[in-house]
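Per our numbering, the sequence shown starts with residue 1, numbered consecutively.
Keep in mind the hints are simulated off the structure, nothing from the lab. Treat the hints with care, since some could be wrong.
Pairwise CB distance ranges, derived in the manner of DEER restraints [as the list claims (entries may be wrong)]:
(1) ALA190 to GLY70: 18 to 24 Å
(2) GLU152 to ASP187: 19 to 25 Å
(3) GLY80 to HIS136: 23 to 29 Å
The calculated lysine to any residue pairs, modelled on SDA-like cross-linking and capped at a C-alpha distance of 25 Å, are [to be verified]:
(4) LYS204 to TRP92
(5) LYS204 to ALA180
(6) LYS204 to HIS82
(7) LYS204 to ALA194
No experiment lies behind these values; they were computed from the predicted model shown. Glycine residues also receive a C-beta, built at the ideal position from the N, C-alpha and C atoms.
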Amino acid sequence: MSVVVVLPVKRFDLAKSRLGEEGLRSSDRVALATGMLTDVLGALRCVRNIDDVVVVTSDPGAEVLARTFGAQVIPDDPQGGHVEAARLGTSWAVDQGAFHVLMLCGDAPLLDPQELDILLHDLADGPEVVVVPDRHGTGTNALLLTPPEVIEPSFGEGSRARHEQLARDAGAVVRVATPASLVLDIDTPADLDALTAALDAAPKDRATHTRDALTRVRRT
Numbered sequence: 001m002s003v004v005v006v007l008p009v010k011r012f013d014l015a016k017s018r019l020g021e022e023g024l025r026s027s028d029r030v031a032l033a034t035g036m037l038t039d040v041l042g043a044l045r046c047v048r049n050i051d052d053v054v055v056v057t058s059d060p061g062a063e064v065l066a067r068t069f070g071a072q073v074i075p076d077d078p079q080g081g082h083v084e085a086a087r088l089g090t091s092w093a094v095d096q097g098a099f100h101v102l103m104l105c106g107d108a109p110l111l112d113p114q115e116l117d118i119l120l121h122d123l124a125d126g127p128e129v130v131v132v133p134d135r136h137g138t139g140t141n142a143l144l145l146t147p148p149e150v151i152e153p154s155f156g157e158g159s160r161a162r163h164e165q166l167a168r169d170a171g172a173v174v175r176v177a178t179p180a181s182l183v184l185d186i187d188t189p190a191d192l193d194a195l196t197a198a199l200d201a202a203p204k205d206r207a208t209h210t211r212d213a214l215t216r217v218r219r220t
């Protein structure tokens, strides 16, 4: 097995807590998280250069979605956090014989399969770390590791710099990639505004489940 996508997914009822602090109801946050994950999984099915997808989650709804799209599912500790979930997924991928692991987030609903195929084309034999930063340039929205355990992931605020330094310390080649469909994730109201603007500019057949969720949010 060559390339495995690892997708840590937080429980839907705990997701997007910062949006909740700004007044977005729990039911709306669940609908938004569900819609975004559905769009991400749907896009991944159209990517040619991946061999498997593993969703690491403790959420029953996310598990059902993952299996619907043919992904593997690994249960995680809901208190374990994003990094621990990424480690669990990576360990599973290594056990399956993966040469490369791509860690993605489940809240990038505009994910473009063609962009991902380009990112995964002619992969290095390693060691190499490819960092996809967030739209602010400081976080990490995707991490491509060759071999899968070349570094320990260190997501969170300022993670781009940490990942680049960890890669250098490991003697790995460091590359930064900026596929447009991966740089936008959703954590804050400003991110939500940016997503709305991006959806307005995108083809109408992209991120349809997220569009539906946002329409319901706007009506409440």
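Hints and how they fare:
Between ALA190 and GLY70 the CB atoms are about 34 Å apart, so this pair departs from the stated range of 18 to 24 Å. Range check, GLU152 to ASP187: about 22 Å between beta-carbon atoms, so the 19 to 25 Å window is met. Range check, GLY80 to HIS136: about 25 Å between beta-carbon atoms, so the 23 to 29 Å window is met. For the hint pairing LYS204 with TRP92, the CA-to-CA distance comes to about 36 Å; that exceeds 25 Å, so the pair is violated.
Simply put, LYS204 and ALA180 have alpha-carbon atoms about 17 Å apart, close enough for the 25 Å limit, and the pair holds. Taking the CA atoms of LYS204 and HIS82, the gap is about 31 Å. The hint is violated against a cut of 25 Å. For the given pair, LYS204 sits about 16 Å from ALA194 by alpha-carbon distance, which is consistent with the 25 Å threshold.
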